[in-house]
Structures are given as structure tokens and as C-alpha cells.
Amino acid sequence: MSRSGVSEVKKVPLSERIWFKELKFMAKRIRESPLSLAGLAIIAFYVMIAILAPYLAPPRPGRDPFEIPRYGYVITPSPPSPEHPFGLTQGQYDLFYGCIWGTVTAFRVGLLGVSGSLLIGLTVGAIAGYFGGKIDEVLMRIVDIVYAIPGLILAMAFVLALGQSLDNVIIALMLVGWATYARLTRAGVLQVKQEDYVEAARAIGSPHRRILLRHILPNSIFPVFVVATLDIGSMVLTASALSFLGIGAPLGYADWGQLIALSRNWLIGTPENPFEYWYTYTYPGLFIFTFVLGWNLLGDAFRDILDPTLRRR
Amino acid sequence: MEEGVGSKENVNIMEVRDLYVRFYTYEGVVKAVDGVDLDVLKGETLGIVGETGSGKSVTTYAMMNMVPPPGRITRGRVVYRRDGKEFVLTEMPESEIRKLRGSDISRIFQEPKAALNPVYKVGDQVAEAILIHRLDEMKERALKELERGKGLFSSLSRSIIGRSLRSEGDPLVRLVKRIPLVRRLYWNPIKREARKEVVKLLGLMGIPDPERVYDMYPHELSGGMQQRIVIATALSCNPQLLIADEPTTNLDVTVEAQILELMKDLKKRFGMTLIYITHDMGVIAEMSNRVAVMYAGNVVEVGDVYTIFKKPLHPYTKGLLEAIPMPGRPLKDIPGTVPNLINPPSGCRFHPRCEHAMEKCKREKPKLVEVEPGHWVACFLHHDEVMEVSEE
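Residue numbers (my numbering), protein chains in the order written: chain A, 1 to 313; chain B, 1 to 392.
The hints are simulated quantities; they were obtained by calculation from the structure and are not laboratory data. Any given hint could turn out to be false.
[Unchecked claim] Listed below are the simulated DSS-like cross-link pairs for lysine-lysine, each with C-alpha atoms no more than 25 Å apart in a straight line:
| id | chain 1 | residue 1 | chain 2 | residue 2 |
| --- | --- | --- | --- | --- |
| 1 | B | K268 | B | K196 |
| 2 | B | K150 | B | K196 |
| 3 | B | K267 | B | K200 |
| 4 | B | K177 | B | K196 |
| 5 | A | K28 | B | K121 |
| 6 | A | K193 | B | K113 |
| 7 | B | K332 | B | K311 |
| 8 | B | K113 | B | K310 |
| 9 | B | K177 | B | K150 |
| 10 | B | K144 | B | K85 |
| 11 | A | K21 | B | K191 |
| 12 | A | K193 | B | K332 |
| 13 | A | K193 | B | K99 |
| 14 | A | K21 | B | K113 |
| 15 | B | K332 | A | K21 |
| 16 | B | K121 | A | K24 |
Hey, can you work out the whole structure from these sequences and the hints?
Encoded structure:
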């Protein structure tokens, strides 16, 4: 083709740009739904706590900030006081400090755990769905095996095999959680693979990698993302369960599950006052509960926002 | 087979010889294409007509060696010719064929809405083919453009693009391409050139305000506009052979007329060969020089458009022509339906529906034979040659 007059690339004003409209649309959807707004508020609140943790509960100089300070060696918990607003739990660990730094731990577990499983799951699912045949068969049978073993038990096995530490808990969660994403991704890829635009991409000579990354995945990962946001909460729950069972974070580590575990013996107080030690389980329980609730609400909001069939400009 | 359906070897841009395509489904093996011989002459418009399921699309998919699974080419040769060179598509590795797809042999899809990816701007989709096949050209243009710019960034871009042009696997370029943000130095000038090219192309397609349309998403465009985008994608790398698979079936008549006009015009301008698949005899008469009629996986008649319309020989072709609605003439249909291709009829596949069927038609399959210059037909009414059927 001959090169006749070169057209100049016009600048599109900011308010006309697609991504700007998209953001506006997303903001509108969030504003219109009070529940997702609540979810967003809760998560924003926790983000603030996590960021401000060094100021809310200053770590002792020279010590690991995730190590909860203890004030004595008495077993019986001490009730809230001006110095320790949430009280001291079994072994005189500071509950307030534990809850605040536990937030940071929760974010680490949730975000790292989910993004790690997402990475594994997306890769496995995309390859299985796109190439099909024997590769698909082998990869999906591995997924079936992971599915066949209860998640918590498998995670326990991984932690015990790798050694007890929070990092290993996160790795174990990744190794357990990816199977769901692999299945979801594969289903999406199988569906989108049939579309004409994939055939069209092949007809213009696109290589496999490009077809998969540019044409198939962007059209099939939305459901995976929604499930992933919902999973951040449940990852934190599983990690807490591991800590509660005593194979999660080491003793004294700032982790909500750990604090719940420490309250195990104080659920029932004395005969005169059955709720004498209420602070040992209420505070960490409240933190876990609202954190998971926040992510679930936000996950629902994401589902609404990311659903392409609801898109209208 | 030595002598092909067509004429002189050197003018054939595409030769299909003894092609068999099978689809392995749960219900059984679908014999979608069963011994097709077809030549495409350079510069012509070949119309392929036939009912749904006659193997029109599958034959042309085989011409790009991209029969969708579970289909497979089980036998035959597909040869593409360019500048005296032969490319045997059925024997080439996938990576080599990929270089031909889009740049030499292009395809327009039936459903424009489905052929466009909903998540990308239409302009970027057209640019994709250009960035795959004409990357070096775009790099050179970008370099020329960057020479005018002063600044640090444009000189950095210039040196990176220059290096990548000099050697394909330059380690520095490969590194830069992997670093987010920095790789824009490399890609942005190239993409800018691709954008200019696309905008120009969209203008050629008769799209008003192409600069604005570039940034639109498929759902924001009408069917006719979408089809123009699809055509632009197919033409973006100056293909030698364009396969149009019922490109106007889903458009309304006025838009159809516009698209047909556009395609004729573009064919002249780009000087390419066109294969036009349709089941609309009117469109065939309008568009093509030569016509191939297909039935149940076989080519039953080939000839130039006047011969086929004025002097059809095969009973199926006659039936098709009589089935065109015309005022003052009772509409005649062809009795029966297209056979199930898992268990196709023996012998000539048309014999159960043919009013002239003879005993021989049930047993033997007629060969496609040139009964007069340029007019080929596979029917025992006109010759006695039997096609050897490959048993599998």
C-alpha cells in the first residue's frame, strides 16, 4: 500500500478515555451498593491499622515487631487496663499488640497465599485448557488429587513437612488453594477457546502464547478473580485454624489464630462469673470475623463490578 | 493426480489435491471433505457455493491448514504458490505456516461480532496483525519518525529500535523489552506507526472518522462497521489470497451491498485473489469469475460464472439455480436433505436426491472431469470416469 498523507494521532481528552470511564463506572457501582461500600470500609479500616501498626502498638526496640510482648509469666489472663486496653491473655501476652500486628500477618497470609495460588492455578488451568489432550488429562488428575484430600489436612501435612513457621503456612496455603483456580481457569479457557475471535487470531498468524495471554485469558479470568477475593478471607481463616491447632505461627507470634488458641482454656470463667475472661477470645475473634466479612462483601462487590455482561457506558 | 482442475500450473496460486478431512466426534467420524481437487487461479474471484455442511468452510480452513479440532486433514496436498516458490501447507511445520497466515493467506469470518475480541479496542486488533507480520517495516518507519525528535527519550528509543533491527536477538533489546515502563521506549514509537497504518486502512474501508473508531470497542459498532474492521484486519498485511467465509450472511441487504462493493473495490486496489464462500447464488453471480459447487464434501462442478449459470451440467447445480426465487416462476426445491456425513451414501453422494440417478451412481463415485475447456463436472450423465475412492 502506498503511503499517502500521514494522519496525526489526536489526543483524547481525559474524560473521554476508556480507562477513565471505566473507573467512573466502577466507582458508581460501588457507591450504589451499600454492602460493598461496607466491605470496602472494613478493608480500608484494616489497611489503615496495618499501615499504622508501628504507631498504634510501637514494637520494642531491637525486637521483632511480630513478637508479642509479655508482661510476666502468670498463666491466668489479666483484664483490660489503661496500659493494656484489650487485656493480657494466657501467659500475659498483650492482646492489643497481638491484634494490631495480627492484622499485618492476616494481610500477608491472605494476599500472598491467594496471589501464589492464583499464579499456580492460572498457569496450570490455562495450559490444561488451551492445549488439551494428554497435558490436560495429567494436570487435571493432579488437581483431582489435591481436591481429594481435605484442604486443612493437606495444609497441615505441608506445614509439618516444611517445618513450622508462618512462611511455610503461606506456602502450604498456596499449594492447597490453587486447585480451585486451575479448574475455574480451565473451564473459562475451554469456553473462550471456541470463540471466533480466537480462530481469527490464529488466522492472522498469532503464536500460541499470544493467543492464550492476549485473547483467551483476559476473557476468562474474571470469575477467577472474584473467587480469589472471596478466598482472601477464607485463607486467613485456614491459617488461623492451623495456628489454633498449634502448627501455625510459633508461640508468641502476632497472629489472630494464635490468640484464639491461647484463649482456649478460658472460654468458661469461674462459677461466679462465667464470662470472666471474655476479653481473651472476644477481641481476636472480632478481628477475624470482621476481616473475613469485609473480604466477602468486597468479593461480592467485585463480582458485580467485573461482570462484563453488566457493563454499560 | 497430475492435471488439476483449472489450467496452467504457473497461474495457480493455490492447489488442493485429493483432500480428505475427517472430524472425529463421539457420534462417529464425519467425512466432511472427501477427495476434493480444486485450483485457485491468481487474481481471480472463485466462488464456492453449496448448502450448509457441504464442506465449503472446511476446505478453505484446510487451505490455511487450520482445520479446527476435532477435525484433521487425513490425506491430500495443499500447495500455495508465491513468486515461483511453492509452499506445501500440509507438510510444513506449524511455525512456518503461521508466517503465511495473515500475511499471505487471510480470512474473513462469517460473524463479525464474534470475530472481534470484546476486551480490546478494534484498532488494536487490526494493529495486531501488522505488529506480527510487518514489525520490521514499522520499526523502520518509527526510526525515520524519531530522527526528527530531539530529546533524551527519542534518542534512547532510536538506539533500541535501531539495535533490534540490526540483530533479531540483541541481548540489550531483549532485556529492555522485559522491563515494565522502560519497554515503552521500544514499543511506543512502533505502536504509533502501526496506529497510523491502521487509521489509514480503516479510512480505506470507508469507516468515517477512523481516528475515533480506532479507540472504540466492538460492541460500540454496528454489524456493518464490525465487518469492515474484520476486513481491515484481514487486509492489513497485503495478503495474496483472501478467503471470505460468508462475510455478509449476517448483515442486512443494504449493508451487504455496501460490503460487496467494498470488497470488489479492495480486490482491485490490492490486486489479490479472492475465494468467496456463500450459499447465495445471487452474490456468487455478482462477485465471482469462476464458481465451484460443493455437495456433501465433494466438488461436483467447476466452471466460469457464465457457464455455471447458463449451462449447468450437474443435476445439483441445476437444482440450486432453480431454487432461486424469481417472480413468475414456481419455486422448486431439491427433494430430500443433505446426507449425514458420518454414513454418507455410497457412490455419488447426490444420488438419493437425484432424479437422473442410475444404477451406476449407487456403486461408483464419479470423477471430476473436464468435459469442455474450463468446465469440470463430476457426474456420470456427462462422462464415465470413476474416481478411485480411498478406503480407510
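Review point. Taking 25 Å as the top limit, are the C-alpha atoms of A:K21 and B:K113 close enough?
Key: 23 Å, holds
Check your understanding: Can the restraint linking B:K332 and B:K311 be considered satisfied, given a maximum Cα separation of 25 Å?
Key -> This hinted pair holds, its Cα atoms lying about 18 Å apart.
Point to revise | B:K267 paired with B:K200 [C-alpha distance capped at 25 Å] | key: Judged against 25 Å, a Cα distance of about 17 Å means the pair holds.
Point to revise | Pair hint A:K21 and B:K191, alpha-carbon separation not exceeding 25 Å | key: 23 Å, holds
Review point. Given the hint that B:K177 pairs with B:K196, does the C-alpha gap stay at or below 25 Å?
Key: 22 Å, holds
Review point. Under the criterion that the straight-line Cα-Cα distance not exceed 25 Å, is the pair B:K113, B:K310 satisfied?
Key: Distance ~37 Å between B:K113 and B:K310 Cα, so the pair is violated.
Practice item. Take the C-alpha atoms of A:K193 and B:K99, compute the straight-line distance between them, and say whether it is at most 25 Å. Key: Roughly 21 Å between the alpha carbons, so the hint for A:K193 and B:K99 holds.
Check your understanding: If you draw a straight line from the CA of A:K193 to the CA of B:K332, is it 25 Å or shorter?
Key -> 41 Å, violated
Check your understanding: Does B:K121 pair with A:K24 here, judged by a C-alpha cut-off of 25 Å?
Key -> 19 Å, holds
Check your understanding: If you draw a straight line from the CA of B:K268 to the CA of B:K196, is it 25 Å or shorter?
Key -> 23 Å, holds
Exercise for review: Would you check the hint for B:K332 and A:K21, treating anything up to 25 Å between C-alpha atoms as holding?
Suggested key: 56 Å, violated
Exercise for review: Measure nothing beyond the straight line between the CA atoms of A:K193 and B:K113; if it is 25 Å or shorter, mark the hint as holding.
Suggested key: 16 Å, holds
Violated hints for the displayed structure, listed by number in ascending order: 8, 10, 12, 15.
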